[in-house]
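With the hints as constraints, model all of the structure from the sequences given.
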Amino acid sequence: MKFLVILIPALLMVAAAFTIAGVGVLLIRRGGLSKRRSPLTRNLLRPPGHSLRIKIAALDEEFGFLFVIGVSIPVLLYTTHLSQSYLAGEPETAMRTAASIVVCVSVLVYAIFRLVSLTRRRKIAVLGPEGELATGEELNQLMLEGCRVFHDIPFPYGNIDHVVVSQSGVFAVNTKMLGKRRDNDSDATIVVDQQQGIIHFPDRKYHIQTKQFDTERNWLSGYLTSAIG
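Heads up: the sequence shown begins at 0 in numbering that gives the first Met the number 0, then just goes up one per residue.
Read the hints as simulated data drawn from the structure, not as lab findings.
A couple of the hints might just be wrong.
Cross-link-like lysine-lysine pairs, in silico, DSS-like; alpha carbons within 30 Å at most [what the hints assert, rightly or not]: (1) 122 <-> 210; (2) 54 <-> 122; (3) 54 <-> 179; (4) 175 <-> 54; (5) 210 <-> 175; (6) 175 <-> 122; (7) 179 <-> 122.
Label pairs and their computed distance ranges (CB to CB) [to be verified]: (8) 98 <-> 133: 50 to 60 Å; (9) 44 <-> 188: 30 to 40 Å; (10) 49 <-> 75: 51 to 61 Å.
We put the beta carbon where it would ideally sit given N, CA and C, even for glycine.
See the structure below:
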C-alpha cells in the first residue's frame, strides 16, 4: 500500500506529460483542428535568412524544454520526498535528504549552464538572418535593373544565401555579419587582404571561406547547366 501511494501520483504525472506531448504533436502534424488546408500547390520562394531562422527556432525549442526541466525536476523531487516522508510514513534519513539535494542541485546547475550556452549561441545566430535580410533588401533593388534575385537556395551542403541572375552572368552571394563592440559607436574601418584572404576589422580578423564559396559556385554552375542543357 505504501508503495502504491508513491507510485500512483508519479504514474499520473508521467501519463499527463505524455498525453500533453502526444496531443501537441498530433495537432502540429494535422495543422490544428481546422478541416481546411492551404490552397497553394507549390512551395513559395524562400526569404533571406530562412534556414537560419529555422535553426533559431530549434534553439528556442531547446531553451523552453530546458526551462521546463529546470523548473519541474525540483518540484517533482520535493513531491516525492514529501510522499515518502509523510504519506508513506518512512523515517527521514540524512542519506535520502542528501541524495535529493545533490540531484536537485545537479539538475539546476546543468539547466542553468545549458541555458546560458543557448542564450549566447542564439545571440550570435540572430546576427545571421539580420545580415542576410539587410543584404537581400539591397540586392532586391537590382530587380529594377532587370535582374532576378533569389534567396536562401538549398543545396546538398547547406544553402546559398543569395543568387543574382543578370545579363552579365549569374552570381552567388554569401553574407556574413559580425557583431560590433558596444563601446564603439563610430563607423568601422576594415582592410581587405585579398592575397591572404583575410578581412581585418578593428578588433578581429575574419578569414574568407574561399572553399565554401567555390563549392557553392561549382554546384550552382552544375545545377544550371543540367537544367538548361
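The hints, checked one at a time:
{"no.": "1", "hint": "122 <-> 210", "in the structure": "26 Å, holds"}
{"no.": "2", "hint": "54 <-> 122", "in the structure": "12 Å, holds"}
{"no.": "3", "hint": "54 <-> 179", "in the structure": "22 Å, holds"}
{"no.": "4", "hint": "175 <-> 54", "in the structure": "16 Å, holds"}
{"no.": "5", "hint": "210 <-> 175", "in the structure": "15 Å, holds"}
{"no.": "6", "hint": "175 <-> 122", "in the structure": "15 Å, holds"}
{"no.": "7", "hint": "179 <-> 122", "in the structure": "12 Å, holds"}
{"no.": "8", "hint": "98 <-> 133: 50 to 60 Å", "in the structure": "53 Å, holds"}
{"no.": "9", "hint": "44 <-> 188: 30 to 40 Å", "in the structure": "36 Å, holds"}
{"no.": "10", "hint": "49 <-> 75: 51 to 61 Å", "in the structure": "39 Å, violated"}
In the structure shown, a violation is registered for the earlier hint numbered 10 alone.
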